[in-house]
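J.: Quick note, the sequences are listed as chains A and B, same order. Note that my numbering has the first sequence beginning at 1, numbered continuously upward. Note that my numbering has the second sequence beginning at 1, numbered continuously upward.
Certain hints may be false.
Unchecked claim - No more than 35 angstroms apart at the CA atoms, straight line, and that leaves these computed lysine-lysine pairs for DSBU-like: (1) B/Lys7 / A/Lys74; (2) A/Lys116 / A/Lys145; (3) A/Lys229 / A/Lys145; (4) A/Lys264 / A/Lys188; (5) B/Lys489 / B/Lys184; (6) B/Lys184 / A/Lys37; (7) B/Lys484 / B/Lys268; (8) A/Lys74 / B/Lys184; (9) B/Lys7 / B/Lys484.
Don't read these hints as lab results, they were simulated from the structure.
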Amino acid sequence: MASESNYYIPENSWMPVLTAASLGAMALGAGLAVQGKTPLFLLVGLFVLACVLFNWFSTVIQENMRGLTNAQVKRSFTMAMGWFIFSEVMFFAAFFGALFYVRVLAVPWLGGEGDKAMTNALLWQGFSAEWPLMQTPDQVAGGTKFVGPHENMGFPGWSKITGWLPLWGTLLLLTSSWTVHIAHHAIKHGSRGRFNFFLAITVALGLAFVVLQYMEYHEAYAEMGLTLKSGIYGTTFFMLTGFHGFHVCLGVFMLAIQLLRGLKGHFKPDDQFGFEASSWYWHFVDVVWLGLFIFVYVLG
Amino acid sequence: MAHGPAKGIGRWLRATNHKDIGTMYLWFSFAMFLLGGAFAMVIRAELFEPGMQIIKPEFFNQMTTMHGLIMVFGAIMPVFVGLANWMIPMMIGAPDMALPRLNNLSFWILPFGFSLLAATLFMPGGGPNFGWTFYAPLSTTYAPPTVNFFIFGIHIIGASSIMGSINIIATILNLRAPGMTLMKMPMFAWTWLITAFLLIAVMPVLAGAVTMMLMDINFGTSFFNAAGGGDPVLFQHVFWFFGHPEVYIIIIPAFGVMSAIIPTFSRKPLFGYSSMVYATAAIAFLSFIVWAHHMFTVGMPLAGELYFMYATMLIAVPTGVKVFNWITTMFRGAITYETPMLFAVAFVILFTIGGFTGLMLAIAPADIQYQDSYFVVAHFHYVMVAGALFSSTAAVYYWIPKWTGRMYNETMGKVHFWVSFVAFNVTFFPQHFLGLAGMPRRYADYSLQFADWNMVSSIGAFAYGASQLLFLYNVIATIVAGRKISDPKVWEGAEGLEWTVPTPAPHHTFSTPPAIK
Chain A
1 MASESNYYIP ENSWMPVLTA ASLGAMALGA GLAVQGKTPL FLLVGLFVLA
51 CVLFNWFSTV IQENMRGLTN AQVKRSFTMA MGWFIFSEVM FFAAFFGALF
101 YVRVLAVPWL GGEGDKAMTN ALLWQGFSAE WPLMQTPDQV AGGTKFVGPH
151 ENMGFPGWSK ITGWLPLWGT LLLLTSSWTV HIAHHAIKHG SRGRFNFFLA
201 ITVALGLAFV VLQYMEYHEA YAEMGLTLKS GIYGTTFFML TGFHGFHVCL
251 GVFMLAIQLL RGLKGHFKPD DQFGFEASSW YWHFVDVVWL GLFIFVYVLG
Chain B
1 MAHGPAKGIG RWLRATNHKD IGTMYLWFSF AMFLLGGAFA MVIRAELFEP
51 GMQIIKPEFF NQMTTMHGLI MVFGAIMPVF VGLANWMIPM MIGAPDMALP
101 RLNNLSFWIL PFGFSLLAAT LFMPGGGPNF GWTFYAPLST TYAPPTVNFF
151 IFGIHIIGAS SIMGSINIIA TILNLRAPGM TLMKMPMFAW TWLITAFLLI
201 AVMPVLAGAV TMMLMDINFG TSFFNAAGGG DPVLFQHVFW FFGHPEVYII
251 IIPAFGVMSA IIPTFSRKPL FGYSSMVYAT AAIAFLSFIV WAHHMFTVGM
301 PLAGELYFMY ATMLIAVPTG VKVFNWITTM FRGAITYETP MLFAVAFVIL
351 FTIGGFTGLM LAIAPADIQY QDSYFVVAHF HYVMVAGALF SSTAAVYYWI
401 PKWTGRMYNE TMGKVHFWVS FVAFNVTFFP QHFLGLAGMP RRYADYSLQF
451 ADWNMVSSIG AFAYGASQLL FLYNVIATIV AGRKISDPKV WEGAEGLEWT
501 VPTPAPHHTF STPPAIK
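So here's chain B without its partners, still in its complex pose:
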């Protein structure tokens, strides 16, 4: 199969090549990132000052909902699938993904699914307005008619995730080069193996949740209606049985990226590789048995509150193992701070802050105060933005020289980092204060005492949004006119099979399996 890429648009529509499909995933997720980001800008613009300025409350609700849905399902999940597509075959010595046509199907479902989802904003009644967690009865009895498109959109997007995950598992379990044992695999492949398992286990449960909604809305069932003997809280249980593993689906591949970047720029092997593997598996296991910590205020029996509180706190143990391993990897290393490493160090610090606020939220009696306040918003943006997003940004800077054979502009990369880092903290750190002072989330307006920190937060958000355009410019400039490089080992301290293939990576790598030492 020693031929180059096909010409024209057919190369992308008919793709079976993992690099082409990975590229499409990356660009798609960046487009969704800008769209979801635009929604965030609308939210922060409205919250710049108290009172209603720019949009109506109904539209504000649609913005918060769509911002969450687009960012979680459209931006962060696909970006890591894109990285998996590009890197896993190269890391494990495989020629491609195990099921190349299924791979392309997984990708192409996304543009259709998200077009449908975004189109609801222009339909009568407006788009989904019930929050990204779409709790019943807001999403059933009181939902706009477009909720049906949302339901079927989630169905096909979920199918895409399941197929993509099956492909990744089959690739990792079946296509490793001879001699590449599981415990010799790069951490990034390990984290994706575990993430793919989580996805296959919980995306069907999400499908079940939206199916129950569909039936309640259109066919008279009473899953979430107490009048028929059901329970709206049942929705929250089903949703969070999906939802808690889901947030780890988002962060675990980010751990994998960190475990690739930090050793490279510390010029030391990853500290505690096997403990990293076991810690990741432990986090994945725990993610299945802690879901109701999202529901401490719904009136669970006391025994349930206690169980979910203690089980949740357990997660800090394997997560701590990972954080300490990264720090120990850096300890006494010959560290240089290129852009990927800057993002990686920021990840470790800011993710740890997000983890600590998570522990605060895990304490059931305290959570009653924090529940549904801006403290929660601050908490999950520390792990979603400074966690998953910083990690995927770092990954792009780290691997783009290998992908394109061109070096990005380091100065611009550093400016992007520092503006992102400062703006991120200006945006989200004050939201801790707002939440502790009692500002509830998901409202279009707020009391006067919250005005100052909201203005600070909005200014930070605009700066953060603008700095991402710099990133886009840097990426395009690299592809079009970056300094050409040809050394297979782009970074001095990088280890692994992907750094043994030529730079830029040829269209087909490893038509025969490489030898593993």
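Pulled out of the complex, with its shape left as it was, chain A reads as follows:
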């Protein structure tokens, strides 16, 4: 049945329309929840989405095990994952772009740079541009809406480098990219035990990174006065690292699923797309982190 000369079209399915309905419920529910109204629709939508996606993915896995997924369909899956990751890259690009814009242009302009001297003199007199922005224009003008932090996440100096969390985070993620690569290599050569072992290590390293980030956020809120509300530095810091952290959680979840599948005996030396796709995603998360490490921490 499955050959290049005979196409495979899946049967009609309820899963797509149910997924769409759950996304609709989540959009409505999220809109209500952020206004402090009932989170019910959001939670129900999320629950239905989780159930349907579980069913959808297991259907695709079963189709593959029954030999319905030919090489052409697999190429489609491969392309789809690649383009999905590209779309994720562009999502991060929007936030990196915002960071560069405020650092290079907006904040200096508020400080009166270039031909913007009157902006500073008339609107934010006394504000001087700096990065990380420790004192917001609002503060200088006597406001309390946006209050800058008393410490920032930048490089703390060589003497304190061992306590600098993002450095440890970088080491964790780089190591995990390496271990996931070893796992990939292992399954391609049929050594299942080695695959499971190194995939488990990868998941553990990912979890450790999430814990580290939790510690860092806790420190930021509890000790440094660095919050979402502490002006554009806090805004860009939390949005960039926060979305990255969310993607790490997603990546850990995907790899954990692949680990469970590995323990159940899924994957063959020539067929491990579910794992491969998750590992690409993991490498992508890793590369985004390198961008964050350089532009948010080292040069921050």
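Since the structure of chain A is provided, determine the placement of chain B on it from the hints.
T.: For chain B alone, coordinates are given in the frame of chain A:
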């Protein structure tokens, strides 16, 4: 898989067939076209005479906003996805789209997303009222509470676009019949390949823009607030980094349709096929580096104004290549003017006018006069309505015989064309004058000196709106009782794989790949 369509509503809810999903996209977009059109009628009714007649200014703002959002995201984008679904697999010899279930998900998100968006009109505080470009701080600090539904609605609609585009790219790159090299593909497939790339690149940026809004509104961040060190102009940069490629996302598939219709009715192959491909790719590339020409009056540094002005003017070069290629295709052809060709010729003329006014707007020092005037409104309706909409209308007339196995009523089609063509120009040409005379856009009222041309414009708009009901009638009459035809090659001059399959196209085409010469 040699079975026919399923029975009942389940055929549509559970669809995996590209033709069924394409049909749903087409009907959905037509429904949104009528809804967005109804909003336009409200706008033109209010502007028929100076003074406040029918609606309140707050509601007027909601109408202009929803008209733009519904037309861009609900009508024009889905209609071309519908055409892509129907035609691309048939054009490249594929059995279906590459990811049929994902395809159905992409479609079904839209009714949910747009229901949510439209429902905001009935909620406390009213619907979005900040213009379809939703500039901060209008859309953040001063937005109605329903802005949150707008944000999440945009999120899921954007997800739908991304998934649909991934599907189209995978189909074109992976499912072409053996021997169908990229440079043998019909232009329509090429234009969609490029459009899908643009969509995947910029829809996430739009998601980023609305996410920043969400955080500013609800969680105290300061992306667009100078008090916290942010900048409202940042919103415009992020938005237009999405928005400029977006307008090409709308027009590039229209170029593909033109490149199918004009050769057919000129009975000549498309002139300069490879230059068409390269020109389309060049337009797509340029679309990423010209966004701030929408922002000449926000106080950019002079170097920025100059760069964006010259980069924008460059776009006229590949666009000119396309227009000249269409004209050269027609040159000395044995042309007949069936309805699709009438719309196609009108497209070339009117789109070119819209392109020229675009060049005028690209000149930064001159743009300071035109900015936010009715001249801009006239400009983008020449490319959106006479461009994208005329093209998709032409596409429906062109391919409906293949879809249904029935011929539309040619006389009614021609009446539809001529009323549309005249009414369109009566509506929008005077808006050039209004804009140059200084009438600002997005106001519910205007000074007395603008009264005459506004009345003319409103009369044109009502005629244009009414003529679309004729189109709806013609389409339904064709499906129900059109003259039956069975020749695979519906149009004498048509070339391509889609004209080799039976008419009407069977539920499943190409269960094995066709041979390509």
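J.: Determine for every hint whether it applies to the structure shown.
T.: Results of checking the hints against the structure:
For the suggested pair B/Lys7 and A/Lys74, the alpha carbons sit about 30 angstroms apart, so the restraint of at most 35 angstroms is met. Taking the CA atoms of A/Lys116 and A/Lys145, the gap is about 24 angstroms. The hint holds against a cut of 35 angstroms. Our distance criterion of 35 angstroms between C-alpha atoms is met by A/Lys229 and A/Lys145, whose separation comes to about 8 angstroms. For the hint linking A/Lys264 to A/Lys188, the alpha-carbon distance of about 17 angstroms falls within 35 angstroms, and the restraint holds.
Between B/Lys489 and B/Lys184 the CA atoms are separated by roughly 19 angstroms; this keeps the pair inside 35 angstroms, and the hint holds. Note on B/Lys184 and A/Lys37: the hinted pairing is violated, with a Cα-Cα distance of about 56 angstroms set against a maximum of 35 angstroms. Restraint check: the Cα-Cα separation between B/Lys484 and B/Lys268 comes to about 27 angstroms, which is no more than 35 angstroms; the hinted pair holds. With a C-alpha separation of about 25 angstroms, the suggested pair A/Lys74 and B/Lys184 falls inside the 35 angstroms cut-off, and the hint holds.
Annotation: proposed proximity of B/Lys7 to B/Lys484 holds, straight-line Cα distance about 23 angstroms (limit 35 angstroms).
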